[in-house]
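**Q** Protein chains in written order, with the numbering used here: chain B, 1 to 193; chain W, 1 to 168.
Be aware that one or more of the hints could be misleading.
Result set (DSS-like, lysine-lysine): computed pairs, CA atoms no more than 25 angstroms apart in a straight line [as the list claims (entries may be wrong)]: (1) B:Lys70 / B:Lys117; (2) B:Lys70 / W:Lys142; (3) W:Lys141 / B:Lys117; (4) B:Lys66 / W:Lys142; (5) W:Lys21 / B:Lys70; (6) B:Lys66 / B:Lys117; (7) W:Lys142 / B:Lys117; (8) B:Lys66 / W:Lys21.
Keep in mind the hints are simulated off the structure, nothing from the lab. Computed from a predicted structure; not experimentally measured.
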Amino acid sequence: MIMGAIWLGMILLAVGAAFLSGNTGALTPAALEGAGSAVTLCISLAGALCLWSGLSKVMERAGMIKGVGKMMRPAFRRLFPRASGDEIALGCLTANVSANLLGLGSAATPMGVAAVKRMHALAGGTEATDEMCRLIVMNTASIQLLPTTVAAVRAAAGAASPFDILPAVWLTSVCSVSAGLLAAFAFGRMRRD
Amino acid sequence: MTDLLIPALMIGIAVIALAKKQDVYAALTDGGLEGLKLLLSIAPALVILLTAVHMLRASGAIDLLTRWLAPLSSFLGIPAETLPLMLLRPFSGSAALAVGAELMTVHGVDSLIGRTAAIMLGSTETTFYTISVYFGAAGIKKTRYAVPAALIADLTGFLTASLTAKIL
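Next up, chain B with everything else stripped away, as it sits in the complex (with noise of 0.2 angstroms):
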């Protein structure tokens, strides 16, 4: 629904300012030309997107998403002190931050799914917890430590070294979800006082 209301007004905008600037004639050639140069990024996406995703599918059966798990664990119990205690829900929750660093994305949603499930099964009610608010905030602020389709787009743009953006992306992606988890933290206890 938001969508369709979204792209509307961006073709209301587009009519607007076209005759705003007396550039009416250029509105049907562009989008003839925007919607084959979709065709044309998606063509240069394929071969890198084939890639990434035979990549991810290695590291997934390879079973490298329980070994980051593992590392994780001491992190979490801070974290999640409530989820931790118990087995699935901690499981679930080491599983699904594991899955969005190694850039994970089809097996990191389950296995969020998963853990809002369990964390809501032990909490009761239909109100988010706490704990909740803080998993949806690492799975929001993109943790994600190839960002891959990103460096597929470069690379598909020319870009001499798709992946040179990496340092910056880190220190962002760092950045907000500390911020993000602050935030959750200061919201959080606001609401107990």
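Since chain B is already given, all that's left is putting chain W on it; use the hints.
**A** Chain W alone, transformed into the frame defined by chain B:
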């Protein structure tokens, strides 16, 4: 520094998987097929959204918007050209990708605008989609402060991306 990252990653992943007696080749091709299916599933959305983005640019709307918002964005240190990307990012991953790819083509992939767009895309997520999937599946009705906390993280990401694009 990043020159050997991908080759090393390929070797590392393959060695670990072989040590665990996995069929590496089958996993590579199975995963590849999934990747192509994923691409096929977002292709129609990219077509629809890039149509709108190109119309916005041709009409002069993007230039107008950029000029109006320039004082605010220069105060925050964010390139005004990336504002459409920031507005779309929490709602739709493919829309943000379409806008980002267009910015990289128009302004140059290694330009400050192109790099800022890439860093923004790489360090943020489709916030509203994620929240609705996670809470929807578990039957959570009251999301409390999840949305504001997640949006604070996104905003921090956008501001930091504009900064790290300049210094790193």
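**Q** Each hint needs a verdict: does it hold in this structure or not?
**A** Now for the hints, and whether the structure bears them out:
A hinted pair counts as satisfied when its Cα atoms are at most 25 angstroms apart, and lysine 70 of chain B with lysine 117 of chain B qualifies at roughly 21 angstroms. Taking the CA atoms of lysine 70 of chain B and lysine 142 of chain W, the gap is about 32 angstroms. The hint is violated against a cut of 25 angstroms. A hinted pair counts as satisfied when its Cα atoms are at most 25 angstroms apart, and lysine 141 of chain W with lysine 117 of chain B qualifies at roughly 13 angstroms. Pair hint lysine 66 of chain B plus lysine 142 of chain W does not hold up; C-alpha atoms about 32 angstroms apart against a cutoff of 25 angstroms.
For the proposed pair lysine 21 of chain W and lysine 70 of chain B, the alpha carbon gap of about 21 angstroms is at most 25 angstroms, so the pair holds. Straight-line distance between C-alpha atoms of lysine 66 of chain B and lysine 117 of chain B comes to about 20 angstroms, which keeps the hinted pair within the 25 angstroms bound. Distance restraint check for lysine 142 of chain W and lysine 117 of chain B: the Cα-Cα separation of roughly 14 angstroms lies within the 25 angstroms cut-off, and the hinted pair is therefore satisfied. Restraint check for lysine 66 of chain B and lysine 21 of chain W: the C-alpha separation of about 16 angstroms stays at or below 25 angstroms, so the hint holds.
Violated hints, in rising order: 2, 4; the structure is consistent with all others.
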